[in-house]
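Protein chains in written order, with this note's numbering: chain A, 1 to 117; chain B, 1 to 120.
Hints in this document: simulated from the structure, not taken from any laboratory.
A few of these clues could be false.
As the list claims (entries may be wrong) - Heads up, simulated SDA-like pairs for lysine to any residue below, C-alpha to C-alpha not over 25 Å straight-line:
| # | chain 1 | residue 1 | chain 2 | residue 2 |
| --- | --- | --- | --- | --- |
| 1 | A | K112 | B | Q42 |
| 2 | A | K109 | B | E63 |
| 3 | A | K70 | A | G43 |
| 4 | B | K55 | A | K112 |
| 5 | A | K112 | B | R116 |
| 6 | A | K38 | B | E108 |
| 7 | A | K109 | B | F39 |
| 8 | A | K112 | A | R28 |
| 9 | B | K41 | A | E10 |
| 10 | A | K112 | B | P40 |
| 11 | A | K3 | B | T57 |
| 12 | B | K41 | A | I11 |
| 13 | B | K20 | A | P41 |
| 14 | A | K70 | B | E108 |
| 15 | A | K3 | A | R50 |
| 16 | A | K109 | B | Q42 |
| 17 | B | K41 | B | S73 |
| 18 | A | K112 | B | Q29 |
| 19 | A | K112 | A | T31 |
| 20 | B | K66 | B | I12 |
| 21 | B | K41 | A | K70 |
| 22 | A | K3 | B | Q42 |
| 23 | A | K3 | B | E63 |
| 24 | B | K41 | A | A7 |
| 25 | B | K66 | B | R99 |
Claimed, not checked - Over 12 Å on every C-beta distance to chain A, these chain B residues come out as not near it, computed from the model:
| # | residue |
| --- | --- |
| 26 | K66 |
| 27 | A72 |
| 28 | T80 |
| 29 | P86 |
| 30 | E108 |
Note that the Cβ used here is the ideal one computed from N, Cα and C, for glycine as well.
As a plain string of letters, each chain reads:
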Amino acid sequence: AQKVTQAQTEISVVEKEDVTLDCVYETRDTTYYLFWYKQPPSGELVFLIRRNSFDEQNEISGRYSWNFQKSTSSFNFTITASQVVDSAVYFCALTPNSGAGSYQLTFGKGTKLSVIP
Amino acid sequence: GAVVSQHPSWVICKSGTSVKIECRSLDFQATTMFWYRQFPKQSLMLMATSNEGSKATYEQGVEKDKFLINHASLTLSTLTVTSAHPEDSSFYICSARGRRTSGTSYNEQFFGPGTRLTVL
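Could you build the full structure based on these sequences and the hints that come with them?
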């Protein structure tokens, strides 16, 4: 069974602060994908990143960065210099990339980020 | 990236009626489609997975006779909520994965914008 835990239910930061959203996962699969999605108030899921379990390199995309640590089963997401437009619910998700259930996403409960101007 | 559309974006219906939600892949062939339900302030819960031309596989606790899924073509899947009741009010999201017209596969799911169902 797979499980994704986002322990932070809600976070509030003041604009321009950095913020890290935590994600811890559990899986018995040896190969898997990890994802982060953003869900603004409109409801549409916005894809942010996909990480293959083979690839533990951290990634930076503009103000976004991701820290994947297989040893601790964590895939944390940091937004630097946060902006009001970053206010949304962020979901971490996991899927095996082979076998039964492959591509079926297991989502965490989400972290609601509020960026205060 | 690939585009998935959903129609309608919102619907209000009376209790006891049936509602059909369409999910279309616009520029790729969706060999697998997924239907999720999201209650307010909660996460997405997978309801069912359907492969084109096959019967859908429902997750535990999801009534297949109430949530009818049809995936008859490589670009269209429909979810019909039969005899809807107020407790079925939710945000329904579909996603799809499949292959480009060139034949190469997409490894990720692409999500539709969601349909907000309100049952009075």
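Comparing the hints with the structure gives:
no., hint, verdict
1, A:K112 to B:Q42, "holds (11 Å)"
2, A:K109 to B:E63, "holds (23 Å)"
3, A:K70 to A:G43, "violated (30 Å)"
4, B:K55 to A:K112, "violated (36 Å)"
5, A:K112 to B:R116, "holds (20 Å)"
6, A:K38 to B:E108, "holds (15 Å)"
7, A:K109 to B:F39, "holds (11 Å)"
8, A:K112 to A:R28, "violated (28 Å)"
9, B:K41 to A:E10, "holds (11 Å)"
10, A:K112 to B:P40, "holds (12 Å)"
11, A:K3 to B:T57, "holds (20 Å)"
12, B:K41 to A:I11, "holds (14 Å)"
13, B:K20 to A:P41, "holds (24 Å)"
14, A:K70 to B:E108, "holds (21 Å)"
15, A:K3 to A:R50, "holds (17 Å)"
16, A:K109 to B:Q42, "holds (6 Å)"
17, B:K41 to B:S73, "violated (33 Å)"
18, A:K112 to B:Q29, "violated (33 Å)"
19, A:K112 to A:T31, "violated (29 Å)"
20, B:K66 to B:I12, "holds (18 Å)"
21, B:K41 to A:K70, "violated (29 Å)"
22, A:K3 to B:Q42, "holds (15 Å)"
23, A:K3 to B:E63, "holds (23 Å)"
24, B:K41 to A:A7, "holds (15 Å)"
25, B:K66 to B:R99, "violated (30 Å)"
26, K66, "holds (21 Å)"
27, A72, "holds (20 Å)"
28, T80, "holds (21 Å)"
29, P86, "holds (20 Å)"
30, E108, "violated (6 Å)"
Checked against the numbered hints given earlier, the structure breaks hints 3, 4, 8, 17, 18, 19, 21, 25 and 30 and satisfies all the rest.
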